[in-house]
Amino acid sequence: MKLHLAASVVLCLCGLSLSQPRHGRLNHESPVVQYRQQQQREVAVDKFNFIDLELLELAAQNDAGNIVLSPVSVKTALSMLWEGADGSTADEIGAALRLTGRSRELQENKLHQYQKDLMFVKKTLKKGELVPSSTLELASQVFVSDKLALNPKYQEALAHYRATAQSVNMSDTMQSAAAVNKWVNMATHGLVPSLVEESSLSEETVMVLANAVYFQGKWQTAFDPDSTSSGTCFYPDTGECLKVQMMETMGTFKSKLVHELDATLLEMPYDDGRYSMLILLPERRDGMPQLMRNLLFGNLLQVLSKDDMEESDYVVLLPKFTIDYEADLVPFLQKLHVKDVFTPSANLTRMVKQDMAKLLEPAVSNVFHKAKIVVDERGAVAAGTSGALVVPLMGGPQPKFKADHPFLFFIRDSKTSSFLFAGRVSRPDEAPAVPAAPAAANESVPAAASPSASEPAVPLVSMRVQEMKPAPDAEQANIKFPSNSKQE
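Residues -19 to -1, 1 to 469 (mature numbering (1 follows the signal peptide of the UniProt record, and there is no 0)) make up the sequence shown, in order.
Watch out, some of these pointers could steer you wrong.
Cross-link-like lysine to aspartate or glutamate pairs, in silico, EDC-like; alpha carbons within 20 Å at most [to be verified]:
1) 97 with 292
2) 237 with 289
3) 287 with 205
4) 224 with 410
5) 199 with 253
6) 235 with 289
7) 237 with 89
8) 28 with 394
9) 199 with 252
10) 97 with 27
11) 235 with 292
12) 28 with 89
13) 381 with 291
14) 320 with 336
15) 128 with 184
16) 381 with 294
17) 235 with 207
18) 383 with 184
19) 224 with 411
20) 163 with 307
21) 224 with 385
22) 128 with 336
23) 163 with 179
24) 334 with 207
25) 28 with 38
26) 235 with 253
27) 163 with 178
28) 235 with 264
29) 383 with 205
30) 396 with 289
31) 134 with 205
32) 383 with 178
33) 287 with 27
Label pairs and their calculated CB-CB ranges [as the list claims (entries may be wrong)]:
34) 100 with 163: 22 to 32 Å
35) 167 with 305: 17 to 27 Å
36) 326 with 220: 46 to 56 Å
If you are wondering where the hints come from, they were derived from the structure by calculation, not from laboratory data. As the structure is a prediction and not an experimental result, all values here were calculated from the model. Ideal Cβ placement from N, Cα and C applies to all residues, glycine included.
Full structure from sequences and hints, please.
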């Protein structure tokens, strides 16, 4: 079985109106604040990864359906924004990333080391050649108005993210959107063909910062296409029986009952051992609302850091699913106390030359995020395992892990302990109707009916920066920031 994922984030910097409403701070009894207070007492987990679960929890509050986002992509885009920020603007972004309490130099070192760790590629020997066993590509790009000059030190900082700056005519919104989307399409191998609409840009846009992540991996234990059923019930929150294509495999997997979450955690590794998919399945069919409420307090990161999951033989049943997700992350970040950067008081003086910063007063207007994941059983054949399931002759029937109701999933990088992707499956794809044919009634659905396994998971993040309007006749420019980094 092969998994494909892609995501992208775009930050748009624009000129903002002084009449923009201000948002109040979180109540100290809010889940996010309580979570932070709890995690301050935990020392075994890298705090830089706390935002991974916060983003998922905030996305779930905003959307009752299927969700997939890339914490890695969002954190990379925010890191690039932090590099160009100063004062309280940088402090707020740093607090969301848990960088505070150390000098700016140490904060930079933390961000730069994180990028190095992400880009480290483990290679295995195949047919006499060293090749990556899984594919992880990170890309960043900064689209800058041809009327604007970046601070040389900021351009040097972008090198740590393998990002480059591209000058574009931001007054031509059609051309600017086309340039961003062309880059996004290439960075995500076509999985996310576009990220910004022409209408999302304006004459005030001065910069676009974009980041894309592409992941493709093969399971250590493959799913057998012949074992996929087309009429298995999946029970969404509404309680009805939704007929889905349920994949099946058997193997040795790590698992743990997380009592704080009343859910079972199953780890399904990819063939390189560095990356794995985690499935967090509520014990009750109607347990997803409670799981989401408790997610920030259930010590999932602590559970993973202890590495005390037990190995056992399981029959694993997992539905095929494809998720496309997009959102403007500004409301999410505001709830994490990142606010100054979206207001006229934004301090981005490390990003653009000081004289330009005073004239334009750039601030972030949007943080667009798109992600896609395709999970099916085609595309990978583990040696000798794609065919029939192997059933042990001794020990009785194998326990089943059956994901037949809403569950959470995570694509985890063991080197950084962070989540490349995180999401929720509330309602998988419905099984296609089987046309009347002379074939036997129990014949499996042809592989062509399933989504292409060659499509990876992709996340995209973009930010748009627009200039302030200090005077009606002030010159305007548009900027956008994309992030480009690719594993080698």
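A quick look at each hint next to the structure:
1. 97 with 292: violated (31 Å)
2. 237 with 289: Between residue 237 and residue 289 the Cα gap is close to 8 Å, so the pair holds against 20 Å.
3. 287 with 205: Given pair residue 287, residue 205 is violated - Cα atoms ~32 Å apart, limit 20 Å.
4. 224 with 410: holds (9 Å)
5. 199 with 253: holds (9 Å)
6. 235 with 289: holds (9 Å)
7. 237 with 89: violated (36 Å)
8. 28 with 394: holds (15 Å)
9. 199 with 252: holds (6 Å)
10. 97 with 27: Holds. Residue 97 to residue 27 sits at ~16 Å (cutoff 20 Å).
11. 235 with 292: holds (4 Å)
12. 28 with 89: Holds: residue 28 and residue 89 sit about 15 Å apart, inside 20 Å.
13. 381 with 291: With a Cα-Cα distance of about 15 Å, the restraint between residue 381 and residue 291 holds, given a limit of 20 Å.
14. 320 with 336: The given pair, whose Cα atoms are some 24 Å apart, is violated under the 20 Å limit.
15. 128 with 184: Judged against 20 Å, a Cα distance of about 12 Å means the pair holds.
16. 381 with 294: Holds: residue 381 and residue 294 sit about 9 Å apart, inside 20 Å.
17. 235 with 207: violated (25 Å)
18. 383 with 184: violated (52 Å)
19. 224 with 411: With a Cα-Cα distance of about 6 Å, the restraint between residue 224 and residue 411 holds, given a limit of 20 Å.
20. 163 with 307: Holds - the C-alpha atoms of residue 307 and residue 163 are around 18 Å apart, at most 20 Å.
21. 224 with 385: Given that 20 Å is the threshold and the Cα spacing comes to 10 Å, the pair holds.
22. 128 with 336: holds (13 Å)
23. 163 with 179: Roughly 13 Å separates the two Cα atoms, so the pair holds.
24. 334 with 207: Status violated; Cα separation ~61 Å.
25. 28 with 38: holds (17 Å)
26. 235 with 253: holds (16 Å)
27. 163 with 178: Roughly 12 Å separates the two Cα atoms, so the pair holds.
28. 235 with 264: Holds, at roughly 17 Å.
29. 383 with 205: Cα-Cα ~16 Å, so holds.
30. 396 with 289: Between residue 396 and residue 289 the Cα gap is close to 17 Å, so the pair holds against 20 Å.
31. 134 with 205: violated (53 Å)
32. 383 with 178: Judged against 20 Å, a Cα distance of about 40 Å means the pair is violated.
33. 287 with 27: Holds, at about 13 Å.
34. 100 with 163: 22 to 32 Å: holds (23 Å)
35. 167 with 305: 17 to 27 Å: Check passed, 19 Å falls within 17 to 27 Å.
36. 326 with 220: 46 to 56 Å: 49 Å Cβ-Cβ, so the 46 to 56 Å window holds.
Checked against the numbered hints above, the structure violates hints 1, 3, 7, 14, 17, 18, 24, 31, 32; every other hint is satisfied.
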